[in-house]
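Protein sequences, first through last, are from chains A and B. Per the numbering used here, residue 33 is the first one in the first sequence, and the count goes up by one each step. Per the numbering used here, residue 33 is the first one in the second sequence, and the count goes up by one each step.
Check the hints yourself; a few may be wrong.
Copies of the same chain look alike in the list, so a pair counts if it works inside one copy or between any two.
Derived DSS-like pairs (lysine-lysine); straight-line CA-CA distance at most 27 Å [said to hold, decoys possible]:
id, residue 1, residue 2
1, Lys239, Lys315
2, Lys296, Lys85
3, Lys42, Lys272
4, Lys379, Lys239
5, Lys141, Lys459
6, Lys448, Lys272
7, Lys70, Lys221
8, Lys239, Lys459
9, Lys379, Lys449
10, Lys272, Lys324
11, Lys379, Lys63
12, Lys126, Lys459
Note that these hints are calculated values from the structure, not bench results.
Protein chains: 2
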Amino acid sequence: MCELSVYARKAKDASFIMATLSTEQKNNALKVIMNKLKNSSKEIFDANAIDVKNAEEANLPTPLLHRLKFNEDKLATVCEGIEGMIGLCDPVGKIQLHTSLDDGLELYKISSPIGVIGVIFESRPDALVQIASLCLKSGNAVFLKGGSEAAATNRVLADVIYFAGLEAGLPEGWLHLLTTRADVSEMLKLNECIDLIIPRGSNSFVKYIMDNTSISVLGHSDGVCHLYIDDQCDEDMAIKLAIDSKTQSVSVCNAVETILVSSKLKDSFLARLVKALQDAGVKIYGDDEVSKLFDLEKCEEWHHEYLDMKVAIKLVSSVDEAISHINMFGSKHTDSICTSSETRANKFTIGVDSGNVYVNCSTRFSDGFRYGFGAEVGVSTSKLHARGPVGLEGLVTYKYKLVGNGALVGDYCSHKKSFNFVKHDIKD
Amino acid sequence: MCELSVYARKAKDASFIMATLSTEQKNNALKVIMNKLKNSSKEIFDANAIDVKNAEEANLPTPLLHRLKFNEDKLATVCEGIEGMIGLCDPVGKIQLHTSLDDGLELYKISSPIGVIGVIFESRPDALVQIASLCLKSGNAVFLKGGSEAAATNRVLADVIYFAGLEAGLPEGWLHLLTTRADVSEMLKLNECIDLIIPRGSNSFVKYIMDNTSISVLGHSDGVCHLYIDDQCDEDMAIKLAIDSKTQSVSVCNAVETILVSSKLKDSFLARLVKALQDAGVKIYGDDEVSKLFDLEKCEEWHHEYLDMKVAIKLVSSVDEAISHINMFGSKHTDSICTSSETRANKFTIGVDSGNVYVNCSTRFSDGFRYGFGAEVGVSTSKLHARGPVGLEGLVTYKYKLVGNGALVGDYCSHKKSFNFVKHDIKD
């Protein structure tokens, strides 16, 4: 038995205990963790300095370097995050359904932790703190693997959090930091102990994970997001939505990558849109017609995430064609329609098969904070279990609890008794 | 491109249309299908006669032969099932969450179909009708693969249902019957078009499917169900629960396979339990102590599904040991505690990591009909997306719909506007 499988077995055993913790016990552990992090600032910053120095020597691009840095501000932010997490409702033990099957035979559907969750994330050490606290609050044990550029910082953060958790009464093995790629490969085989893997990264990375494990995967891959501008729309609004969706932040998964424009707007609004985008510094790729009309480079691939000041524009004949294009070339992330027609808005939101479907909104709204979830492990592009921004609710499953007083199926099969199925209202 | 991938592409396209159908359109299609089935009884029974004759010649065991038969009674039952399905609420389009993020910026979480579902089921032709109508009502396209023994019956049933659906306005390709094992292997690769695979069968079969696809799998495998008899319990009730859980039906996944007995009952109640089970015709395997005490065969493997008049008995020192045993050797299906202690009952239902956790009930209650779901595609032993009996609710996912009036993220980042997150009550 390799070393990792020993940790996985420990995490599994720990998960059974994590599932039984009270809200108070979990919140207390979060508090102890927060205080230990504050008290360990020197250790954390020293470790981060090593990571940053290595990254600078390796000529890491500036935005990545920026994300890697863990300073006073970042520490304050993650501690605020933990404070917020303490304030959030416990997602475990919520009654989601209550039916009296018969007098004195009560069926409850109750939220419960998933078990052991393996999260693979990029080189942003603050993500480690956020993921660990989400998993703790939702009663799960966790395997963490961060980007190798942040190795030293992650080591210190994971140690501080793990031991603070133990001090607060969490079970041994509740958190484990993976350090190598070989660990990740090994984790993919541990289907007896790991219940869910959440990989954050490129489409190809997520696909690699899915192709190489029988464990459930909640994919958080790239975003090929669309804005469809209908011919019935407020054109000023359309321009503003296009600019915000593309330029408000470019290296993010919910930035727009393709703008679909009603072909009825070809000889009027289109020129205004092109100019507004170009004035904002955006490079435009067009379909055959658009590129000819405005002397632009042609778009060669419609399923493409630029993550840059670049966007593709395509003319479509109708909302139906827009929906088909999005379902064919999108990534099930976030897609928006700009229209004044309620009928078309409904058609779009029902027809587009994405986790987030918007009417007259910027695509940039899809994240856990903006949805009021407080925190997220990422934005799911999988269709099952959890879609869109995944917060605490996405880290729990449910079980059915049936309470009787000696209820026998034989009595119901012999018609001595019969079900009456009285559904009760659920209070939040 | 192989033939099956052509059908899968068609099913994918069909699924986008299925997702937009109104409740009336779906119910009307179900009605047309029901009538066509009634009018095609001769054709169906003739085909079934071929299957039954082949099965008799192949000396298929009687219970299997019984399940294979599709006669007037079975036809009436499936038609009643469709009638019931028409009466059930549409699971699609339900608002599960409504938050005003800001004035005029409304976030909804809305249930929506999954897409294309592939279901692999045993040699019970009535299952085909039930699964097809569940998928239709939940707005999904479906790939079906039934047991080869029912090939002729399934062919006729699938044709009748598919063409009746087309006549009622369902899109071309909404249902497709797979006929060979090679088809199943091929289906496992079609991750671009198939969104979920539901295999019903043995543990090893479900594991084979999980190991050989990157598509999400909702496993419906075997049930190693437990009854734990606590020392604080109504002993008459415990005997009745044990007999009902084991003998009410033996070839089913929710029959009990291991009875855990508090060691405090070793010198009193245990003898009564052993006698009651033996009197009912049940063969008992014991742990070291039990087998010595009553001269029984030893149980060699605790993760074992007998599906027969056989049961294993093990003494445990406490409810904690019972929970540990179940989490180690169970199959996350259905486990029950017989106790008069509310504290122990709660400990058990929180601690046992199974889809169905019972207090003073027979394990045989876990099925869709008995839970009031009307119908089920099976009982999930997976932990994610859907657990326990899976009815219509398990065949939908959700999407987030955000409706604004030109909402820009820039305005919130620049603090020109701020979120207020007003959560609204949801009415059923």
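Right, here's what the structure says about each hint:
1. Taking the closest pair of Cα atoms, Lys239 and Lys315 never come within 27 Å of each other, the shortest separation being 29 Å inside a single copy and 49 Å across copies.
2. Taking the shortest Cα distances, Lys296 and Lys85 never come within 27 Å of each other, neither inside one copy (55 Å) nor across copies (64 Å).
3. When the C-alpha separation of Lys42 and Lys272 is checked against a cutoff of 27 Å, the pair qualifies neither within a copy, at 52 Å, nor between copies, at 38 Å.
4. Taking identical chains as interchangeable, the C-alpha atoms of Lys379 and Lys239 are never at most 27 Å apart, the minima being 30 Å within one chain and 40 Å between chains.
5. Both within a single protomer and between protomers do Lys141 and Lys459 lie at most 27 Å apart by alpha-carbon distance, with minima of 13 Å and 18 Å respectively.
6. For a Cα distance limit of 27 Å, the shortest separation of Lys448 from Lys272 across copies, 15 Å, qualifies, whereas the shortest one inside one copy, 68 Å, does not.
7. In this assembly of identical chains, the alpha carbons of Lys70 and Lys221 never lie at most 27 Å apart, being 36 Å within a copy and 49 Å across copies at closest.
8. Taking the shortest alpha-carbon separations for Lys239 and Lys459, neither the intra-copy value of 40 Å nor the inter-copy value of 39 Å comes in at or below 27 Å.
9. Proximity of Lys379 to Lys449 under the C-alpha cut-off of 27 Å is found in neither arrangement, the shortest distances being 47 Å within a copy and 29 Å between copies.
10. Taking identical chains as interchangeable, the C-alpha atoms of Lys272 and Lys324 lie at most 27 Å apart only when both belong to the same chain, with a minimum of 25 Å there against 81 Å between chains.
11. Proximity of Lys379 and Lys63 under a CA criterion of 27 Å is satisfied inter-copy only: 26 Å between copies versus 47 Å inside one chain copy.
12. For a Cα distance limit of 27 Å, the shortest separation of Lys126 from Lys459 qualifies both inside one copy, at 10 Å, and across copies, at 18 Å.
Hint compliance for this structure: hints 1, 2, 3, 4, 7, 8 and 9 are broken, all remaining hints hold.
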